[in-house]
Amino acid sequence: MLELKCLHKTFNPGTPDEVKALSGVSLTIADGSFTVILGTNGSGKSTLLNAVAGTFIVDSGSIVLNGTDLTHLPEHRRASHIGRVFQNPFSGTAPNMTIAENLAIASMRGKKRRFLTALSRGAMREFYDRVKSLNMGLEDRLDNNIGSLSGGQRQALTLLMACWNRPDLLLLDEHTAALDPKTAAKVLELTKNYIEKDGLTAFMVTHSMQQAVNMGERIIMVYKGKIIHDFSGADKKSLKAKDLYELFEDIKRRELIDPAASEILKANYV
Amino acid sequence: MTLLLGTFTMGFILSLLAAGVLISFRIFNFADITAEGSLALGASTAAVLITAGSFGPAAALFIPAMAGAAAGAITGVLHTKFKINALLSGILVMTALYSINLHVMGKSNVALMNEQTIFTYFNKLLSISESANKTVLILGFSASAKEAAAAALAFILASAGGALLYWFLGTEIGAAMRATGDCPQMAAALGVNTDLMIIAGLSVANAFAALSGALLASYQGFADVQMGIGMLVWGLASVIIGETLVREKSIGFAITSAIMGSIFFRLLVAIALRFGMNPNDMKLMTALFVLAALVLPQIYKLRRKNC
Chain L
1 MLELKCLHKT FNPGTPDEVK ALSGVSLTIA DGSFTVILGT NGSGKSTLLN AVAGTFIVDS
61 GSIVLNGTDL THLPEHRRAS HIGRVFQNPF SGTAPNMTIA ENLAIASMRG KKRRFLTALS
121 RGAMREFYDR VKSLNMGLED RLDNNIGSLS GGQRQALTLL MACWNRPDLL LLDEHTAALD
181 PKTAAKVLEL TKNYIEKDGL TAFMVTHSMQ QAVNMGERII MVYKGKIIHD FSGADKKSLK
241 AKDLYELFED IKRRELIDPA ASEILKANYV
Chain E
271 MTLLLGTFTM GFILSLLAAG VLISFRIFNF ADITAEGSLA LGASTAAVLI TAGSFGPAAA
331 LFIPAMAGAA AGAITGVLHT KFKINALLSG ILVMTALYSI NLHVMGKSNV ALMNEQTIFT
391 YFNKLLSISE SANKTVLILG FSASAKEAAA AALAFILASA GGALLYWFLG TEIGAAMRAT
451 GDCPQMAAAL GVNTDLMIIA GLSVANAFAA LSGALLASYQ GFADVQMGIG MLVWGLASVI
511 IGETLVREKS IGFAITSAIM GSIFFRLLVA IALRFGMNPN DMKLMTALFV LAALVLPQIY
571 KLRRKNC
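Quick note, the sequences are listed as chains L and E, same order.
Quick note on numbering: the first sequence equals residues 1 to 270 in the numbering used here.
Quick note on numbering: the second sequence equals residues 271 to 577 in the numbering used here.
Hints listed in this document are in silico derivations from the structure and should not be mistaken for laboratory results.
Check before you lean on any hint, since a few could be wrong.
[As the list claims (entries may be wrong)] Taking lysine-lysine and the DSS-like style, the derived pairs with C-alpha atoms no more than 30 angstroms apart in a straight line are:
1. 111(L) x 351(E)
2. 519(E) x 112(L)
3. 20(L) x 351(E)
[Unchecked claim] Some but not every residue of chain E turned toward chain L, in silico, with C-beta under 7 angstroms:
4. 381
5. 382
6. 383
7. 385
8. 440
9. 446
10. 449
11. 452
12. 453
13. 455
14. 456
15. 458
16. 459
17. 460
18. 463
All C-beta atoms, glycine included, are put in the ideal place defined by N, C-alpha and C.
Throw the hints in and build the complete structure from the sequences for me.
Here it is as structure tokens:
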């Protein structure tokens, strides 16, 4: 279970660039559930994910995963519980290392790294089998540098790597946004498979309404660093992409009205 | 032939420096100038240990290497924990090491006259007398036995250093280190302590540089506080030449090519000096050479793009 309590984060505080990225996010995510986070650009949805992953330490609030307090742990310590796939397909793999070497690093996530050869014969066999399960023909190219692969292939491998040692939490940050539609569909299918097979607790950021409707059991909408909608159960199931669009339009209208309204208020009362 | 052997000996000794530069330059993508300081640190520590006389030849290599590792660790801490630019961290430590080296030696240079170095131990092992000028035949040429033994020892040590580095970079920790340089975001997401890896990596790199310095002092018979100057570019030249000679980019080949590059570069220098190059121009030439090696591939790429 992931428990977020009253998370606050302000970037560049006290400067003209001050951004209140998270202002009081509280959220509880049940074990084995698949939650989708929706939001407009700059709404704080990726920030929320990064706060959990430990890219930065939150200003206040607490992050507890299965009873372990992660709030002040550095990113690499949290990584023993968390698997991640990034939006940029090039962020999740080391381009100048071979597929096998990348997998070797992933297979040691959450374990103590030793002075033992990373590519033992047993490990290579496991790499072969697991890569074969991707059905992308990459199992015969384990000795090729990952940099020679396409973005989609790299993203599929990143996903495989993130799920290698069953993570307590899987964070997906718009991981198909940079891919062409066909590859994106393939990666999404793999994502679904992994989550279902291992019963993973997953947290996915997207700005595709269709994805949000098709996937997951719960939709959370974030706006200005706050959770504004939370659909789960039957509500989520009956939700259509059209309904979500309307909610978005709502937000946009609010954005247009807000400054105008404040102008009127100013003119009348100040 | 004796001259050629000397060239090879120097090449092998400096290939350890090249291996160190390979780590900072090719794994972490920055030229760590601490190497210049730690090479001199290794040389001065070794010279002091050797003149003290009570240390064995292994200690006179091991202790300098540890000193170099400590220097590299400081650069790493400055860079990762205090967020100082990598190049600047190296410059700070290199500059500080200049004074430290003077303190280690107590003066600006130490001569090793008739002292017991690893080279004399090796001669003893092969029962080659220090005083008699025994000669051996190599490929039909007569050469000084002492020089041949020195070249052989340097070859053994360079190979051992290369093999050790190859093994290390292939371990779980070594792979994590390479990933840290290649894609830090990925490494951190997979639980690699990237700061620690950079500190450890620079430690190893400078241990190699210091080891190279210790051997250089033993071989040349003196340690000088200035002997590190220009050595980083020298190491870079070796790495780059090696890469040109060996196109394959895997780790094993990269290490082998750095050693080969070091030898080849030393040979080029020997030939240039032989054909009357002013020794004062050597560092200028080395710098120009590295510049050309860095720029030419870019020009080549640009021209190919335009076509």
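When the least beta-carbon distance from residue 458(E) to chain L is tested against 7 angstroms, hint result: holds (5 angstroms)
Let me know if the C-beta of residue 449(E) comes in closer than 7 angstroms to any C-beta of chain L, holds or violated. holds (4 angstroms)
Taking the closest Cβ pair, is residue 452(E) under 7 angstroms from chain L? holds (4 angstroms)
Can you verify the interface hint for residue 446(E): is its Cβ closer than 7 angstroms to any Cβ in chain L? Residue 446(E) check passes; min Cβ-Cβ to chain L is 5 angstroms, inside 7 angstroms.
Taking the closest Cβ pair, is residue 453(E) under 7 angstroms from chain L? holds (4 angstroms)
Would you check the hint for residue 519(E) and residue 112(L), treating anything up to 30 angstroms between C-alpha atoms as holding? holds (28 angstroms)
With a cut-off of 30 angstroms on the C-alpha distance, tell me whether residue 20(L) and residue 351(E) pass. The hint holds at about 27 angstroms.
Could you grab the alpha-carbon distance between residue 111(L) and residue 351(E) and see if it respects the 30 angstroms cut-off? holds (24 angstroms)
A closest beta-carbon separation below 7 angstroms is what the hint needs, so does residue 455(E) meet it against chain L? holds (5 angstroms)
Satisfaction of the residue 440(E) interface hint, Cβ to chain L closer than 7 angstroms: holds (5 angstroms)
Is the interface hint satisfied for residue 463(E)? The criterion is a beta-carbon contact with chain L at less than 7 angstroms. holds (5 angstroms)
Would the hint on residue 460(E) be counted as holding, given a Cβ-Cβ threshold of 7 angstroms to chain L? With Cβ-Cβ at 5 angstroms, under 7 angstroms, it holds.
Comparing the model with each earlier hint shows violations of hints 4, 5, 6 and 7; every other hint is respected.
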